[in-house]
Amino acid sequence: MGFENFGTVSFTTEAKAADFITYLEQGKVMATRCPKCGVSYFPPKADCPSCLSGEVEWFEIKGKGKLATYTIVNYGPSGFENDAPYILALGEFEGGIQIMARLSKDIASSDIEAGMSLVVVPLKRPEGRISYEFKKG
Amino acid sequence: MGFENFGTVSFTTEAKAADFITYLEQGKVMATRCPKCGVSYFPPKADCPSCLSGEVEWFEIKGKGKLATYTIVNYGPSGFENDAPYILALGEFEGGIQIMARLSKDIASSDIEAGMSLVVVPLKRPEGRISYEFKKG
Amino acid sequence: MADVAIVGAGQTVFSRSCGVSIRELAFDAFQEALEGLDITTSDIDASIICSAPEYDKQRSPAGLISEYLELTPKPSFYVETVCSSSSTGLRVAWSLVKSGLHKVVAVIGFQKMSELSSRDAAERMGRGADIIWESPFGLTMPAGYAMYARAHMDKYGTTEEHLAKVRVKNSHYGATNPKANYRKELSLEDILKSDMITTPLKKFDCCANADGASCVIVARGDVAKGISEKPIWVMGLGAATDTMTMAGRKQLTGLQCAQEAARQAYKMAGVKPQDIDVAEVHDCFTVSEILAYEDLGFAKPGEGAGLIEDKETYADGKIPVNVDGGLLSKGHPIGATGGSQIRTIVRQLRGQATEAQVKGAEIGLVHNIGGIGQYGNVTILRR
Amino acid sequence: MADVAIVGAGQTVFSRSCGVSIRELAFDAFQEALEGLDITTSDIDASIICSAPEYDKQRSPAGLISEYLELTPKPSFYVETVCSSSSTGLRVAWSLVKSGLHKVVAVIGFQKMSELSSRDAAERMGRGADIIWESPFGLTMPAGYAMYARAHMDKYGTTEEHLAKVRVKNSHYGATNPKANYRKELSLEDILKSDMITTPLKKFDCCANADGASCVIVARGDVAKGISEKPIWVMGLGAATDTMTMAGRKQLTGLQCAQEAARQAYKMAGVKPQDIDVAEVHDCFTVSEILAYEDLGFAKPGEGAGLIEDKETYADGKIPVNVDGGLLSKGHPIGATGGSQIRTIVRQLRGQATEAQVKGAEIGLVHNIGGIGQYGNVTILRR
Ligand SMILES: [Zn+2]
Ligand SMILES: [Zn+2]
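From first to last, the protein sequence lines are chains V, D, A and F. Read in order, the letters of the first sequence are residues 921 to 1057 in the working numbering. Read in order, the letters of the second sequence are residues 921 to 1057 in the working numbering. Read in order, the letters of the third sequence are residues 816 to 1198 in the working numbering. Read in order, the letters of the fourth sequence are residues 816 to 1198 in the working numbering.
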């Protein structure tokens, strides 16, 4: 399985890092780490450029992060017309991991504030597509 | 009018040089010449890079040329499937003008030979498209 | 001492729809760049063609434009860093000349964005981010810059009014620029009440797509003196890259690629921010200009908004910025933009700016960014 | 004296469908290029990313690949001359180093042609010629080269058998190249009876689309000696452009862009055709290799066919050409091809070719053409 059902529109499907999708289907948002040099990667990399190793291991992103910034997008690009408005956000998590995802529709825009606590969770979209999003943490 | 009906498939339409199409509709295959420095251009240019003038004049390509080279294309790219096989050729004309066009379907492949005499004439295609082609000269 | 100079710079009018082909567009910019120069086409040793390929129907336009301008058989190739492609072109041209390979190099940038339907153009927008990890969420260029804007506001108290004041200034200068697409002066109110695109950025916080071309002619110092009465010297070049993903960004209140490019350019030129007399910065959005003030050291981090508030970036201010109207007024024909910025600074340093000439300008700076802060380019020029 | 060297060169296996993303493909080539070098990623001062953009779904892949390989914040940009993009990348890398801007530069070429459907790929084919004047007639890359083949045959008596013999040779060497996509030895009969694509070129006269990546690491001489045991020196660089249109070509029996690039490269290197010990030439079609023999001066005009007839371009001949199998065997992942050719010559000059090592090879040449003879690039290397 590749990225063909990831997000609202998939622009490409094949990648060594596609195990991410398998984990996502199992309810886990994962990052990779190089067992040789210990560097971790999100978005996940299937290779470690730090030590040039092609072997990495997966680990789950757990715990709470905080909202770094966001924007309410009123006009999406082609294929995203039905999604808008949607809220894109960056969340900072442990270990220097930063994630871009949408804020859950559960969160009222009046509640959004810099530094608010977040968790990242898989999101099964009605059309059978899969993604991840931020919920209040 | 631009290049929207030129050839089998038009990939772009707008150009200052689109007067070419107006002339072609009138039955003339034209080139341009710079009145300041006398250089002539085919494919026609709407500007003269030799003297950096933006003013050129049109003139008709008359007389006979000769076949420089050709190929019988058995597989066309997208949009050309119904044309294949077709014969692309280069013809040399007076004044250093060289033209790429197809050889007319009138010419039997057994008759084709290097150096044969050619004329270039407009071709109205059945679907309302317009082009030019080589006939025996 | 700089020994590579810009001897000519030209651009077409930037418009929503030029109605001509890309080769003809390039010709117009080329023609203006060669005006008054004591050379002909055959003196140009190489050409660098710059655009963003997603908008080109023509594959490999370098060969096409070379043929149209009769730059063959000299080498020609294509260079791209999205919106900063022609600044990258200048950097490469500089090194081709400095290395001894060539004496005179033309950098030709163009974009005909009207060639695509708006639907096709919007589709390209979606593929500008990392197409595996971030495009599927609907990340666009405005949304990326909007996240920088929000972070800057939250940390430093920058307001939507501050952003709007950048557009007020740029629309003021754009109104008198005959090459600009958008030539209407806008009031603070016009801007603040315009349609919200992606919070906090409104319609008038954003530059518009355009068609246009630019051309910069670069020459070895000794040659430059022979062919041009007013060569403009390349003193400093800086270039840096940041991550494609927003997730990878380590700072959200400034563009690290611009900070690093500026550091390199100042160092190479041996000058400081306060030595700059006039600057062109990449105002693809109003917030981008405020980030640029800080990233270039014209203001301390967090103090960019104060600079526009105090009108210090107007033509008579401490550091005039985008007094040709900027991308916000001129429009943003991607591959042509850097060359247009360079042209403005060249004209300023020659004292030939017909609109807002900064008196006695000696040192100028161009800040040109590709993507959502992916590619930073800073160039310092001297008369 | 050359003071810029190639210190590393790598490539992936070239295949019909790699099944991974372009960034991961680039990693594999990068990894091989850095093998055995005494540097890490952070020692690379800039990267040049080379491909043909029509096959990329990702806009602006330079930023993406920079992030994946952790080459940020160093400058990165994109360079293109279709099929010779990575040779152009080498030329630009050389000038970045020679000019003093950078010490170590990575040139990364890639193409994932399987990313497009064959219909979409065929559509791109149609846009490779001048889209106003020649694409509407159905001109494609094979048809353009076929017209050169016809002219060569008519003028010099070159035959379809001569063309086929190029493929016989290249398939012989390709069979033992573990990086090649097509590894079957072909007989003269196999080739002559294969499907006619565009007269006189048959299926086996044509190279095939492929996925792949290549990487070449370029360094300043003093640095090169410190980090590599066997630096390979860049002695000569040549580049030239011919018209986009077939109508503009002044010669139909050879590629003028290659002749001019060769002239420049020999002059800069101070060597002659007979000094070359081993060469990689751009055999996108069998006829292209015969034209290359003549354009490079390995044979006189019209005598190229004799060279293959006499087997002089086999590994033990007068001038071994494409003894790695060439594009015809390896496949042609557009942006990666030049880097792959360079890698073969680097390995030959280091005495590390695992397949057909030319004994004692000291001087090697790479001939890499973009489009239907639009862009000519010739590079001369020395051990
Ligand atoms: Zn590691
Ligand atoms: Zn003229």
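Since the hints were derived computationally from the structure, they do not count as laboratory data. Any given hint could be a false lead.
Claimed, not checked - Residues from chain F that face chain A, not an exhaustive set, calculated with beta carbons under 8 Å:
(1) Glu869
(2) Ala1055
(3) Asp1057
(4) Lys1087
Note that the Cβ used here is the ideal one computed from N, Cα and C, for glycine as well.
Consistency of the hints with the structure:
For Glu869/F, the suggested interface contact is upheld, since its CB lies about 6 Å from the closest CB of chain A, less than 8 Å. Interface hint status for Ala1055/F: upheld, as the beta-carbon distance to the closest one in chain A is roughly 5 Å, under 8 Å. Checking Asp1057/F against chain A: minimum C-beta separation of about 6 Å stays under 8 Å; hint holds. Contact between Lys1087/F and chain A, as hinted, is not supported at the beta carbon level, the nearest pair being about 21 Å apart and thus beyond 8 Å.
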